[in-house]
Amino acid sequence: MTEFAPNELIVIRGRGRVSALGLQPAPADAHVSPFTTHATGLPVAALPPAAEATLAELRRTQAAYRQLDRTVLLGLLAARQATAAAGWQRSEGVSGEQEHDPLLTLSPSHHFTTSPLAVSIGSSRGATGRTEEFHAGFLADGVVPAGASPLTTLGNVASWVAYDAGSAGGAALSHSSTCSSAFQALGNATAWLRAGMAERFLAGGTEAPLTDFTLAQMRAIGIYSPFAAEDFPCRPGAGKPSTFVLGEGAAVFALEKVSRQQLAAEAASAPVFVLESVGFGFEAIGSKTGLSAEGQHFQQAIRQALAQARLTPAAVDAVVLHSPGTPAGDAAERAALRAVFGRSLPPLLSNKWLVGHTLGASAALSLDFALHILETQQWPAAPFATDIASAAPKPIRRILVNAAGFGGNAASALVSALEM
Numbered sequence: 001m002t003e004f005a006p007n008e009l010i011v012i013r014g015r016g017r018v019s020a021l022g023l024q025p026a027p028a029d030a031h032v033s034p035f036t037t038h039a040t041g042l043p044v045a046a047l048p049p050a051a052e053a054t055l056a057e058l059r060r061t062q063a064a065y066r067q068l069d070r071t072v073l074l075g076l077l078a079a080r081q082a083t084a085a086a087g088w089q090r091s092e093g094v095s096g097e098q099e100h101d102p103l104l105t106l107s108p109s110h111h112f113t114t115s116p117l118a119v120s121i122g123s124s125r126g127a128t129g130r131t132e133e134f135h136a137g138f139l140a141d142g143v144v145p146a147g148a149s150p151l152t153t154l155g156n157v158a159s160w161v162a163y164d165a166g167s168a169g170g171a172a173l174s175h176s177s178t179c180s181s182a183f184q185a186l187g188n189a190t191a192w193l194r195a196g197m198a199e200r201f202l203a204g205g206t207e208a209p210l211t212d213f214t215l216a217q218m219r220a221i222g223i224y225s226p227f228a229a230e231d232f233p234c235r236p237g238a239g240k241p242s243t244f245v246l247g248e249g250a251a252v253f254a255l256e257k258v259s260r261q262q263l264a265a266e267a268a269s270a271p272v273f274v275l276e277s278v279g280f281g282f283e284a285i286g287s288k289t290g291l292s293a294e295g296q297h298f299q300q301a302i303r304q305a306l307a308q309a310r311l312t313p314a315a316v317d318a319v320v321l322h323s324p325g326t327p328a329g330d331a332a333e334r335a336a337l338r339a340v341f342g343r344s345l346p347p348l349l350s351n352k353w354l355v356g357h358t359l360g361a362s363a364a365l366s367l368d369f370a371l372h373i374l375e376t377q378q379w380p381a382a383p384f385a386t387d388i389a390s391a392a393p394k395p396i397r398r399i400l401v402n403a404a405g406f407g408g409n410a411a412s413a414l415v416s417a418l419e420m
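297 is the number that full-length UniProt numbering gives to position 297 of the sequence shown; each next residue is one higher, with no gaps.
None of these hints come from the bench; they were simulated from the model.
Take the hints with a grain of salt, since some may be wrong.
Claimed, not checked - Per label pair, the in silico range of CB-to-CB distance:
#	residue 1	residue 2	range
1	A314	G155	24 to 34 Å
2	H135	P380	11 to 21 Å
3	V32	K394	27 to 37 Å
4	R338	N7	26 to 36 Å
Said to hold, decoys possible - Listed below are the simulated EDC-like cross-link pairs for lysine to aspartate or glutamate, each with C-alpha atoms no more than 16 Å apart in a straight line:
#	residue 1	residue 2
5	K257	E57
6	K394	D317
7	K257	E199
Quantities reported herein were computed from a predicted structural model and do not represent experimental measurements.
By construction, the Cβ of each residue, glycine as well, lies at the ideal position given by its N, Cα and C atoms.
Construct the entire structure; sequences and hints are all you get.
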């Protein structure tokens with residue numbers, strides 16, 4: 001096990017997100033379902049009109065962006081929020097219009113004030129929409145455009161985020177490990193930062209899977225929710241029936257390695273968010289869509305995250321669950337938590353009843369939700385019977401965030417608020 005220097009911290013300087021909740025981490029009104037009905041008739045967690053308009057405007061900012069997959073554009077939008085929040089870009093040479101709306105008008109011509117920026121982005125499926133479009137065209141007329149290959153490789157997700165961020169001299173890494181992809185990206189970024197291979201990272205996850213073919217795949221597995229869009233169809237922790245609902249979105253984080261002395265010198269007025277560790281687990285089972293009843297992969301990931309951070313389970317104040325709303329998956333994760341925490345199970349939380357299951361972006365959006373809770377000490381109560389907590393017995397200062405995916409993999413991250 002790698003030993004981390006206790007004086008060195010991985011700090012989250014800024015974050016951005018886009019989901020069915022728009023550009024906000026929590027709903028304006030938790031009594032109104034953010035889900036809508038797809039053309040297929042299935043409920044989905046799609047972008048609301050205002051966020052859709054922002055994404056459309058982003059697509060128009062550069063001619064090259066008009067050909068990008070929706071997954072890439074979601075990642076660009078979240079990354080722009082993260083870099084703006086981190087204060088990583090200079091305003092020299094930016095017009096008044098650009099200063100007014102930096103999310104839409106920042107271009108790769110802006111310059112960073114510090115070291116080269118590295119990028120690590122996770123996505124389960126990558127350029128889903130463009131891949132299906134190119135394939136449909138090929139079946140129709142046997143022709144494939146020259147741009148089909150570069151626009152559909154997984155690597156184009158991180159490389160376009162890096163290009164848009166103005167990165168020069170930093171790595172651009174794309175990761176795919178089904179629904180834990182974003183934590184694979186964050187774990188990799190953390191390792192690079194701790195090893196001194198990079199000084200700043202944009203890391204997170206993005207996914208735009210709301211296509212007819214992808215929805216049909218999820219339905220074929222037999223896990224899709226039978227509830228209507230207006231009835232909060234994704235219900236983690238509610239038991240049977242299965243209430244999996246597909247969503248789209250992205251969340252990206254601006255990460256730096258800093259010393260405690262440096263943080264003290266900065267004299268920050270707000271809490272500093274620290275990504276303490278990212279642990280991983282794997283269970284080799286025959287079914288690539290199944291998992292053990294004991295959630296062995298979850299247990300491994302949680303214990304590794306705790307060991308890396310040199311913490312005991314008692315140090316965790318809350319858990320943001322992976323909990324996709326499938327009875328078997330929900331039960332296995334809770335069994336794993338009981339195996340680790342025993343009777344002292346912390347409050348269980350979830351945002352999937354608000355944003356759906358966003359596949360490769362889900363871990364990143366869960367982490368963003370955890371940071372919102374650390375920041376505000378508030379979260380909306382689910383409007384259905386569930387074991388998700390509506391309140392906590394004490395202030396929440398450290399949160400464990402879980403993620404898991406097909407193939408038996410799992411990941412867990414620990415994040416805390418450091419009071420300065």
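(message) Of the numbered hints stated earlier in the document, which are not met by this structure?
(response) Violated hints: 1, 2 and 5; rest satisfied.
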